[in-house]
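**Student:** Full structure from sequences and hints, please.
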Amino acid sequence: MTTSTALKPRQRRGSMKRARRWQTALHYLLLAVVSLFFFLPVYYLIIGSFRPSSEVLSGLSGFVPTNLSFDNYRGVFDHLSSDATGHFGQFAAVSIIVTTAVVAGSLIVNSMAAYSFARMQWRGKKIIFLLVVVLTIIPFEAVALPLYYMFSGQRDTIAIQAIPFIANAFSIFLFYTFFLDVPGEIEEAARLDGAGPLRTFFQVVVPITKPAFATVAILTFLAQWGSYLWPVLMVSDPTVRPLPLAISIFQNQQPPEWGQVLAFGTMFIVPVLAVFLIFQRWFVASISSSAVKG
Amino acid sequence: MMTIPKPRGGAGILTAAAAASIAALVLTGCGGPGTGAAGPTVEAGSGEGTINVWAVDGQAAENDALKKIISNFESSQSKIKVNLKLFPSDQYTKAVNSAAPGDLPDVLDFDGPTLASFVYNGKMAPLKGSVSEETLSNQTDSIKAQNTVDDSVYGVGMMNAGLGLWGNKKLLDAAGVAYPTTPDKAWTADEFTGVLDKLATVIPGGKPLDLSEQYGFAGEWGTCCSAGPVIWSGGGTMLKDNKASGALDSQANIKSLTKFASWKKYTDPNADGLAFTSGRVALSWVGHWTYPTYKALGEDLVSIPLPNFGKGTKTTSGTFAWGMGATTKNGAAAGKFLDFLMTDDSVGTYTDANGAPPATKTALAASGLYGPGKKLELLGEQLSRACGQEDKITDSCVSVTRPVTAGYPILTDQVGKAEAAIYAGKDAKEALSAAARAIDQNFADNDGYKK
Amino acid sequence: MTTQTQQLQAPAAPVRRPPKSGLTGHRFAGPLFASPALLGLAIFLVAPFVLAVVLSFYRVQLNSPRPARFVGFEQYTRLFTDPDLAAAFGQALLNNFTFALIVVPVQTLLALALAVLVNRQLRGMVVFRTFIFMPLVFPLALTAVIWRLIYSRGDQGLLNALLGLFSGGTITSHDWLGDPATALGAIIVMSIWQSVSFQMIIVLAALQSVPAELYEAASLDRASKWAQFINVTVPGIRNTLIFVALITTIFSFRLFDQVYLLSRSGSVDRNSTETVMTQIINTGFDNNNVGQAAAMTVIFMLIITVIAIIQRAAARQRGGIQ
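Here the protein sequences come in this chain order: X, L and R.
Using this note's numbering, the first residue of the first sequence is number 43, and each one after it goes up by one.
Using this note's numbering, the first residue of the second sequence is number 13, and each one after it goes up by one.
Using this note's numbering, the first residue of the third sequence is number -6, and each one after it goes up by one.
These are computed hints drawn from the structure, not numbers from a lab.
Virtual Cβ for every residue (Gly too), placed ideally from N, Cα, C.
A few of these clues could be false.
To be verified - Facing chain R, from chain L, some residues (calculated, C-beta under 10 Å):
| hint | residue |
| --- | --- |
| 1 | Gly134 |
| 2 | Val214 |
| 3 | Gly217 |
| 4 | Asp280 |
| 5 | Ala287 |
| 6 | Ala418 |
| 7 | Ala432 |
| 8 | Lys438 |
| 9 | Asp457 |
**Tutor:** Have a look at this one:
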């Protein structure tokens, strides 16, 4: 999945230079148009967060960076200034804790299960693995209602926001495909050294399958950070409220404080965008390996 | 937890999974939401200590006023402390409904029409004995109608609510439109269309009307504040004898709501909430709560009754009020806090912040906005001409209380959905009869929500 | 492609590594390793699903003091025979299918086009790619807010303003989310904006793994660029395209957040965008009708399962998957 090859055959030299320059220009034009489509809403979010609410929704001038100020951000923090409303930092902390717990938990639990399916022999394994594969198609939304029914006694806790999402059939499946490729000799050597299955797994197998862990970590993170439906059902207390739920505080204002909504949205997304920009390579690699492997 | 491994491997895990699901079923049987309501178990308690209070996270000014009232309360005495929690409005009803009996607060905010279902679900306690007689007798009639379920009072209100058309006098004059200022002279629906035609000529873009679309017709706003007054003014009702078929889908309602939808072409969507203050529209169909922002128009701001669809102009009354959690262990302290909320001072602080008409008799009389000759006299008069619930509507009364029924959640969901669909262009008869059937089905499934 | 991998690898494993579980003394290691995840799946996925099946035989209201009442197949017969319910459920299913029918080919082709577009070493390509990837990290709750503003009815809406500008004012403002004719389309565009780069990345990786010799051979044959694309590129990434279509189909049927968030704002005819998932949540939580919602869940799961089986079978029959 590394880059670089495919382009060489195109490098013919000679008379076609002018045509190619045209082509390149066209290519850039297309790229610019496409990028604009993807980037404009992002730009609008960020610029809007610095403009007065009254000017956010005003046709094309919504894109013009005038009258910039931090007023919307101040408004957000003013509104969230007491224990009664909850604090922005609190919401962010809840989101971070829940997401971290889910990502960490799912890396450990699902990789171990996948390893067991891919590399260990035990009775009933095949049928159970088949069941796990079938489970990959059940969407969470489909079981949200009965799940809410089962755990309504645990509402308003951090744990109930995280625990249901740790075990994940698709992650098991991804790990499984990676583990199939681990050379048997390595495990054999570890076993001859007297390592038990736990040590073999954590000290020998995990280090050589890091890309698998990066893939699952990133995909899990993306799904979890914006998780909306489950918190809506399970959380009402401001002390355990995650960020996606808190947006509606600002959407329900009269008149709508669109500037504050966008400011909140920007604070919600910018840390993720920053992480994404830094780790873009891994990010891309992990998504592509989800397909090549999956 | 991890005691699964038996030599049988897979079979063992399957058994465990099955066991887990059965355990889950058993759990649900005794602990699921919707079971625990064994009738209110209020204890008067010591009358001191900390009480928990839940309220909706409203406008910044309202939140500040509430916090100020609470700090006044805490400094007026030393025995009771208040622990306030605020919830976004779209999550509030769910918070109350899903709270386990032990987690219910001592005092809670509630939206008027949700009260009956909260009572039915065992979330609320009657106030008699906890709140003073003086407080109860000082409540205005229209708010009492909202807060009484099966002849017991469950809530007391600081504020009421009313609807009207806010007008921009400068634009109305420019179009040569004369406007009514009393309920009896309200425009008929046909006259109103004519007015819109005239106004459309002076407004660039030809959309002189704001119907508060940004609140979403599919939600409570639709039922409460646009479909509701339209239906009642047209001589219809949503329910009749606890049934929607024959009421909600009546000819009168089809006609009224079709007429309402015909105004879409004159309507500014107002997604930014600024249509009126920025002068984009001449008329704004909305509640009293915009007054604090709309008063920026100064002398140009006028209040006009909603159009008359045949049976006189109608508005909805009733709004958020305060009650006691069904399981409070400190009813005496909760009652004292409610008494304090209803003092003229507290009501004044709160209604000054959001521009609402006070719901207590003494505060309303002292109001600088809603009394005779005052700026919002029209809304004050509308409230004083209370109809009660929809089965008691006459030609001359104006303020209607939304249906007090534990089935209100399905009612509002279906009426709002139908209104949004009609407004989007769907056939009114079809939308309303589908809504009526869905409501009746739900009522039937719940034995008419009788105890 | 997955099943095939298993079949290739699984039989090979015992040969490479004969089972000696008895000798190693770790007979329980396999089930032990798997148990935490299996327990999680059992409790949080299987058990609720079983519970949904059970609840679908009851008349039960959320938050109601009324005890659940066993009604047998009533919820199912209503779902199919009650004209309103059947129509609403049918409409929701139709919306899901329409969404899938449009989104799967469009998004797959778009992903391919984008991948081809960015699969070239040009100066500044990193920047362009970054722009295209960006929406992927946007949670839907936030995406819905932004696009609600973009689609806003009236001249204030960004899309209307843009169209007005480019058409010189000949295209007048349109109610994108409110008009039943464009509501689903608007949600489709938003979904594509948010997620197409996911598919694009997958296709891109496949493009770059097509052996260079194939292109060299083709260009020796003096095949045009287009002919190369059709005869070399597309066959080379065929399996990936099928995979992308598969996962997009599954996503289409899970469609929930964006519809739920958008259809509750403004003046929208909910029927025109309702999906099975939003209908389940609406029935269960807004109307508190748990039994009915559970019956919908069960039917829906059956449908998804059938679709998944048909797709896998079809994909395997065409033989390309490895």
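**Student:** Next, verify each hint and record whether it holds.
**Tutor:** For each hint, the structure was consulted:
1. Gly134: Holds, because the Cβ-Cβ distance from L:Gly134 to chain R comes to roughly 6 Å (cut-off 10 Å).
2. Val214: With a closest approach of 17 Å, the L:Val214 hint is violated.
3. Gly217: It holds, given that the least Cβ distance between L:Gly217 and chain R is near 7 Å, below 10 Å.
4. Asp280: holds, 6 Å
5. Ala287: holds, 9 Å
6. Ala418: holds, 9 Å
7. Ala432: holds, 5 Å
8. Lys438: holds, 6 Å
9. Asp457: holds, 6 Å
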